[in-house]
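Visitor: If you read the sequences in order, they're chains A and B. Sequence positions in the first sequence follow my numbering and run 967 to 1538. Sequence positions in the second sequence follow my numbering and run 967 to 1538.
Just so you know, these hints were derived from the structure itself, not from any lab. As the structure is a computational prediction, the values presented were derived from the model and not from experiment. One should not assume that every hint holds.
The list makes no distinction among identical chains, and a pair is therefore deemed to hold if it is satisfied within one copy or across any two copies.
Listed below are the simulated DSSO-like cross-link pairs for lysine-lysine, each with C-alpha atoms no more than 27 Å apart in a straight line [what the hints assert, rightly or not]:
hint, residue 1, residue 2
1, K1145, K1460
2, K1180, K1093
3, K990, K1150
4, K1275, K1460
5, K1274, K1145
6, K1197, K1275
So the chains spell out like this:
2 protein chains.
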Amino acid sequence: MNETEGLQEYISCFWQGLLAQKVKKVVLSPGSRSTPIALAAAQLAQERRIELYVDVDERSAAFFALGLIKASAEPVLIVCTSGTAAANYFPAVCEAQISHLPLLILTADRPPELQDIGAPQTIDQQKLYGDHVKHFWQLPLPEPSTDALNYLRQTVQRSVALACQEPTGPIHLNWPLRKPLVPKLPFNLSANVQPLNFPTLHQQLSVDQLQQLKEQLTGKRGIIIAGPQGKKTAQINNQCLLEWSQAVNWPIIADPLSNLRAVKQSNLISTADFLCRMPMDKLTAYQPEVVIQTGATLVSAAISNWLKKLSVPVYYLDQHHRNVETTLQADYYFPMTAAEFLPNLTIKPAPITWLQTWQQAQHLIQNQLAAYFDQQTELNEITAAYFLGTNLQHGNAFISNSMPIRDVENFWLRPQAQLFCNRGANGIDGINSTALGMAAQQPLDKNFLLTGDLAFFHDLTGLQMARNYNLKLRVVVNNNNGGGIFSFLPQAGKLGFEQVFGTPQNLDLQHLAAFYQADYQLAVDPADFQKLLQQPLHNLEIIEVRTERTVNLQAHHRLNHQIQTAFMKEMI
Amino acid sequence: MNETEGLQEYISCFWQGLLAQKVKKVVLSPGSRSTPIALAAAQLAQERRIELYVDVDERSAAFFALGLIKASAEPVLIVCTSGTAAANYFPAVCEAQISHLPLLILTADRPPELQDIGAPQTIDQQKLYGDHVKHFWQLPLPEPSTDALNYLRQTVQRSVALACQEPTGPIHLNWPLRKPLVPKLPFNLSANVQPLNFPTLHQQLSVDQLQQLKEQLTGKRGIIIAGPQGKKTAQINNQCLLEWSQAVNWPIIADPLSNLRAVKQSNLISTADFLCRMPMDKLTAYQPEVVIQTGATLVSAAISNWLKKLSVPVYYLDQHHRNVETTLQADYYFPMTAAEFLPNLTIKPAPITWLQTWQQAQHLIQNQLAAYFDQQTELNEITAAYFLGTNLQHGNAFISNSMPIRDVENFWLRPQAQLFCNRGANGIDGINSTALGMAAQQPLDKNFLLTGDLAFFHDLTGLQMARNYNLKLRVVVNNNNGGGIFSFLPQAGKLGFEQVFGTPQNLDLQHLAAFYQADYQLAVDPADFQKLLQQPLHNLEIIEVRTERTVNLQAHHRLNHQIQTAFMKEMI
Chain A
967 MNETEGLQEY ISCFWQGLLA QKVKKVVLSP GSRSTPIALA AAQLAQERRI ELYVDVDERS
1027 AAFFALGLIK ASAEPVLIVC TSGTAAANYF PAVCEAQISH LPLLILTADR PPELQDIGAP
1087 QTIDQQKLYG DHVKHFWQLP LPEPSTDALN YLRQTVQRSV ALACQEPTGP IHLNWPLRKP
1147 LVPKLPFNLS ANVQPLNFPT LHQQLSVDQL QQLKEQLTGK RGIIIAGPQG KKTAQINNQC
1207 LLEWSQAVNW PIIADPLSNL RAVKQSNLIS TADFLCRMPM DKLTAYQPEV VIQTGATLVS
1267 AAISNWLKKL SVPVYYLDQH HRNVETTLQA DYYFPMTAAE FLPNLTIKPA PITWLQTWQQ
1327 AQHLIQNQLA AYFDQQTELN EITAAYFLGT NLQHGNAFIS NSMPIRDVEN FWLRPQAQLF
1387 CNRGANGIDG INSTALGMAA QQPLDKNFLL TGDLAFFHDL TGLQMARNYN LKLRVVVNNN
1447 NGGGIFSFLP QAGKLGFEQV FGTPQNLDLQ HLAAFYQADY QLAVDPADFQ KLLQQPLHNL
1507 EIIEVRTERT VNLQAHHRLN HQIQTAFMKE MI
Chain B
967 MNETEGLQEY ISCFWQGLLA QKVKKVVLSP GSRSTPIALA AAQLAQERRI ELYVDVDERS
1027 AAFFALGLIK ASAEPVLIVC TSGTAAANYF PAVCEAQISH LPLLILTADR PPELQDIGAP
1087 QTIDQQKLYG DHVKHFWQLP LPEPSTDALN YLRQTVQRSV ALACQEPTGP IHLNWPLRKP
1147 LVPKLPFNLS ANVQPLNFPT LHQQLSVDQL QQLKEQLTGK RGIIIAGPQG KKTAQINNQC
1207 LLEWSQAVNW PIIADPLSNL RAVKQSNLIS TADFLCRMPM DKLTAYQPEV VIQTGATLVS
1267 AAISNWLKKL SVPVYYLDQH HRNVETTLQA DYYFPMTAAE FLPNLTIKPA PITWLQTWQQ
1327 AQHLIQNQLA AYFDQQTELN EITAAYFLGT NLQHGNAFIS NSMPIRDVEN FWLRPQAQLF
1387 CNRGANGIDG INSTALGMAA QQPLDKNFLL TGDLAFFHDL TGLQMARNYN LKLRVVVNNN
1447 NGGGIFSFLP QAGKLGFEQV FGTPQNLDLQ HLAAFYQADY QLAVDPADFQ KLLQQPLHNL
1507 EIIEVRTERT VNLQAHHRLN HQIQTAFMKE MI
């Protein structure tokens, strides 16, 4: 067997292992050292056995992969060449680790004899992402012996499984390859490799544990706090959360990213952020005796702060088995989903008055919001967020961090869409790319992105994927010409504020739309905006909402004040 | 002293330490956790005591800083907030490490009690860049005791010195900060802190070492190979390299990034790449008895490959004290600059015929190139590179990796400009940003960037800095609609080539220019192109050269073939 036949067999074996574990989505960035991997990917794409995306910017590519994972709940492979290409993956890798996304990272590398001698496109890629991946493998140099092939296949298969097992997360395979990099073609990708099986076992409470829980919870005035969760977990948990909570008269405080809010059920509370901003002494009627919490860190800081002050037993359903709960109030960390924890937990309901107290507060806030938005004739960040929320129809909406996700928390009380957000490290990087990855998996004409201008400009290169793959995404850009959130912080107005926090960019989105051949619309008022939202979507489309940071700050303060005043007057 | 006074004193102390060590250039990316650092930077900028740049994209910001460092030969501080912001620095950090650039990285972090509990914008930032920085410090939480302040000041001062000492390189300070983040203002930044002194000692050969070297080198047919070097090293070395080599009749093979080629001196060889592509058996007349090599890895693979086959003693002047030489041919690693090594090394010159042999080859190749370019009426990648090279006038030129730097190696025989390139990891990332950093330091109207379209699109966000700081940079984009270099590799034409290597982006640069308010020109032929190059430069300006990848491949092959044929005919 000559050199290029050996390489052919080795690379084929790698892909056979991936295919056996049902990895079908690949995002590739072009480069030289990854040549044989890319050629095999091209062949598989031609045979329609994988979905292949090519993105020249590795930073965008990795975030695009996060969008694919989020929307499909399947692992995704990203492939790049050696050198700083691999370093560009880092922001998305950090996000994947905290968000528990099964991102499979394959970085091609130079062989050992080219390391640390000044060879081009060579950096030390061993453990490149440090502790920010779940596991790292240094793959051996290609060698087509039976043992080497078996090791490679099993390692690839194990790595996929590891990424998908709790705590799900990114894994990194670094693969040194020697020239010649073009093997004998075509690859042998038809072999039907058996999948390695990694059965998932269900977590179960013991009889004693269940009995104890029943005693602790029965008849109590309890609350369920449902935090952000991935699509798959939401599918598993939400029905169960809804049924159980209704049966026991407990309110569910639903984070927007729990994807529970779409449901019409009377104990669903989506206004708790407003409520929890009231002074603590006004909230005694809402104080629970016990809390069951699921999901990741809440979007709402107000709810978290309220929780911290409660000092009541908190049962945390630690679905990712990571022993992480951000308020530090958990007394129990059950490494289970709600669907595993709740069904056999039959308890006496709380008094109906307990639920009614919460419902009354929710009605008051809902009514205040409805009245407020009825009167609004100006389009600003608040009204844009609100009317986008009411116009979502069974689509997918990606929300940027910073202001947009906070506005969604407050103003999307019942969004009829699946919501997504990079809510691990909460960065404003990679937003466009992640949203486009979502759009690629959900090829409907109901894909939305709500973002501010800074996040939008941070990831410009990501928009190219819309062009290259004809992706449909309607982007609402709240353009306040800078970083709006800083106006809410104590540095507002200090010397140099505009220079180091405001950071106006003075860019005209129309030209950008022309560059990426996107449709562009400037929305001028709420009616116009809503009309635009109802148009059919054919393309990447940018709807610009021009706002001002000071106006935005004042509008938020005024609305909060109005709700607070009404609450004080009517509820106490 | 209350909390905000304490923070004020602590942050002031940090900046006092930096100022004492003469750090005057800062690139900041906005964020919340870095608030007190940013406010102090704004105050210092107001007082004109630092040069402050604000870039919302941290990836671009870090590359921009590399450009500042390259063009000024001074250390630069970059500052960002916590979370993935810091991860976006990674590509430029890797480049800084290999290129030996004194990049000071300050990442704000959440305090220990917010680590690993799911707090927002919190990732594990300790040793975030692994081995890709020279040193990492975890700064203590602000505490205004005399001991703590003294520790902070000394640590900051030591860290700057460490970045600037050989092997120069990036250092990382990670700084946990607690709320409240806005201290009592203004900062006390007037204190005149004494600099810490880290005297640089000169390396010197012993009498015995010098005597031995003289015996080894005297009368020999030697070559100096001058590789890429930073601006400061070039200033130190080049005069000495020129004088010494001329005195001993040794040719100097000058890499374009040695910045030696601008000089008119008869033993300067800038055509060695063409020569070294000839078959080895035709090159016996050029075989030296000894080689002295300086600088980093050569741009030319052909010269490196020729060196590998020579098996003659190689004296490597290891200016960065890293024991790294890429051909693995060095027999001696002298941790010295040429300016330290050469002056006392008085030896008998080589026979003048030795130098003449090289000069004849150079003349032949020069003549072939001149004749070739005289005939060219089409504008393509080769002619664009060539005519840009002949039109540089004492300005600064940044060269992208991949095709542009290879074309510069071949076609810029005597460029009248300071050349810069990210020639550490040789990535195509961050090119626009690094070039703009260079332009910011050299506010002439003679700043150029030569780049391909993929590298240009990879770093779009970087262009914003031109707008915000009125930077003048003339960008020549060789737009071949994809990755041109892959057409030179064995995968060209294989199944899926266009999809995974060619990667056409089909973008119209005019719209991009409009977006960034840049000037745009389409150059249609060499005469037109040269006219455009001679126009005054007021702004960011994009000159597009539309080319085709197949044409480019053929043109390179044809020219190489022409030179090879002429050489075979006339020289042998």
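Visitor: Which hints, by number, does the structure contradict?
Guide: 2, 4, 6
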